[in-house]
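First to last, the protein sequences are chains A and B.
Anchor point for the first sequence: position 120 equals 178 in the numbering used here, and the numbering is continuous, going up by one each time.
Anchor point for the second sequence: position 169 equals 183 in the numbering used here, and the numbering is continuous, going up by one each time.
Careful, some of the hints might be misleading.
[What the hints assert, rightly or not] Listed next, with one range per pair, are the computed distances between beta-carbon atoms:
#  : chain 1 : residue 1 : chain 2 : residue 2 : range
1  : A       : ASP100    : B       : GLU99     : 25 to 35 Å
2  : B       : GLU253    : A       : ARG228    : 51 to 61 Å
3  : A       : ARG126    : B       : PHE25     : 31 to 41 Å
4  : B       : ILE211    : A       : TYR140    : 53 to 63 Å
5  : B       : VAL279    : A       : HIS110    : 49 to 59 Å
6  : B       : VAL279    : A       : SER111    : 38 to 48 Å
7  : A       : ALA68     : B       : GLU253    : 50 to 60 Å
8  : B       : LYS193    : A       : SER111    : 52 to 62 Å
9  : A       : ASP100    : B       : ARG22     : 30 to 40 Å
10 : B       : SER261    : A       : SER111    : 25 to 35 Å
[Unchecked claim] A short, non-exhaustive set of chain A residues, derived as facing chain B with CB atoms under 10 Å:
#  : residue
11 : LEU65
12 : LEU69
13 : ARG79
14 : GLY93
15 : HIS110
16 : SER111
17 : ALA138
18 : ARG146
19 : ARG214
20 : VAL217
Derived from the structure by calculation, the hints contain no laboratory data.
Model, not experiment: these values are computed from the prediction.
C-beta: ideal position from N, C-alpha, C; glycine also.
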Amino acid sequence: MRVHIKLTGALYANILRDLMRPHPFAAERVGFVFGRMGSLVDGSLILLTRYHSIPDDQYIEDHTVGARIGAEALTWAMQAVYHGRPAREGIFHIHLHGHRGETGMSETDQREIPRLIPGFQSVGRNAGHGIIILSLDHGSGWVWMPGVIEPAHVSRVSVIGAPIAVFERRRSE
Amino acid sequence: MSKDRYSRQSFLGADSEDLISRCTIGVPGLGGGGSHVIQQLAHIGFQRYVLYDHDLVEESNLNRLVGAALIDALAETPKLHLAKEMIYGLQPNASVQGFACKWQERPEPLRECQVVIGCVDSYKARQELEIACRRYLIHYIDIGMDVHGKEKPVIGGQIIQSSPGGLCMSCMGFLTDEKLAAEAARYGNAGHRPQVIWPNGVLASTAVGLAVDLVTNWTRSGRSHTYLAYDGNEGTVRESLTLRNLSIKNCPHFPDDELGDPVLVEL
């Protein structure tokens, strides 16, 4: 299944600005971004609507990972998924890898982040949820569509701003 | 193919060829305006197209339909076929999704676009395209021309960029309830308006220029919206007076979260 993510230039700039801010102790920042679904001929669109910056005090000090968020941030996310149910609005864990070019999940990312998805799916059954990782000039994503256990790798991320940016998946993993 | 092919447009940026080739562009309406648009996009190097037109070439199209010959009117060639021929003649590896129908009958392919250049006739059609573009996060560029008066004809037209997050065609004073109501009173029929090739060329060229700027950012203008008015008697394109005098800063018509497929909410 093909998945294409779109977001406005303003939202993209807002996300990058927030994720690039240094944290008092965490090595990186994470956030949540929300997305609604659109149908394509042979796949789905995820249209990102808004971004939630996780407050500094909702991070847990853990130097084995770049960033770890606590129960308060996760509870907030679950509640947001619950409230987004009527609009079939899903939630996406998002963070930034500070390099250029296409990026992917690190071993830590693969181990830690997908564990959040079943919880999101159990609350928001009819929405697509997932993971987005940005680099300084690219972006990758994985989307768990409703009722699906395995994620679809996002084939394209389009930033609809001035200028337009189109990040396409070239890696096969 | 020689590397010289795009050397004369290298000022668009070192990576412009790549940026242009990755953009998916939609063109509903392949008549007088759309045929110019397609020709220019193909010359520039666009590779991904979503096209719509259900019309066949008629003799009355030959005064302005770029690429059409007398034989096409006799053979009733689909306008879509002419557009594809134009594209493949210049870009043999292009991906063209073409539909001989109204875009509303096959809306899904349009949703993948980053830019749509609307070459449609009526206000209602413009409104519907803009709504779709906002819901699925697409830059919408609208072109249109008209001739007013018979004693002393005046050619006018517009090129409008309506982008997600920016002012829309209603905010910019182009789409109004009065215009839509007047058109609806004629049962939505825009009628056979006078059309000539040179204003269509000006409007299409300006629209393509806006699209290329959105993709390559060569002017660094970062436009969130644009309303340019064409005066065909004076031969000028200027920022619309309506837009210049506008006090509104944010669009109230398209909230940021009204995206994607509409969902029925149980009350």
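The hints, checked one at a time:
1. A/ASP100 / B/GLU99: 25 to 35 Å: For B/GLU99 against A/ASP100, whose Cβ atoms are near 26 Å apart, the range 25 to 35 Å holds.
2. B/GLU253 / A/ARG228: 51 to 61 Å: violated, 41 Å
3. A/ARG126 / B/PHE25: 31 to 41 Å: violated, 48 Å
4. B/ILE211 / A/TYR140: 53 to 63 Å: Cβ of B/ILE211 to Cβ of A/TYR140: about 58 Å, so the range 53 to 63 Å holds.
5. B/VAL279 / A/HIS110: 49 to 59 Å: At roughly 22 Å between Cβ atoms, A/HIS110 and B/VAL279 fall outside 49 to 59 Å, so the hint is violated.
6. B/VAL279 / A/SER111: 38 to 48 Å: Hint violated: Cβ distance 28 Å, outside 38 to 48 Å.
7. A/ALA68 / B/GLU253: 50 to 60 Å: Given a distance of about 23 Å, which is not inside 50 to 60 Å, the answer is violated.
8. B/LYS193 / A/SER111: 52 to 62 Å: violated, 42 Å
9. A/ASP100 / B/ARG22: 30 to 40 Å: holds, 38 Å
10. B/SER261 / A/SER111: 25 to 35 Å: holds, 31 Å
11. LEU65: Hint on A/LEU65: holds, closest Cβ of chain B at ~7 Å, below 10 Å.
12. LEU69: holds, 8 Å
13. ARG79: violated, 22 Å
14. GLY93: Holds: closest Cβ of chain B sits about 8 Å from A/GLY93, inside 10 Å.
15. HIS110: violated, 13 Å
16. SER111: The hint is violated - A/SER111 has no Cβ within 10 Å of chain B, the shortest such distance being about 16 Å.
17. ALA138: Cβ of A/ALA138 sits 13 Å from chain B, so the hint is violated.
18. ARG146: At 5 Å from the nearest chain B Cβ, A/ARG146 passes the 10 Å test, so the hint holds.
19. ARG214: Check passed: Cβ of A/ARG214 comes within 8 Å of chain B, closer than 10 Å.
20. VAL217: For A/VAL217, the interface hint holds, since the closest Cβ of chain B sits about 9 Å away, which is under 10 Å.
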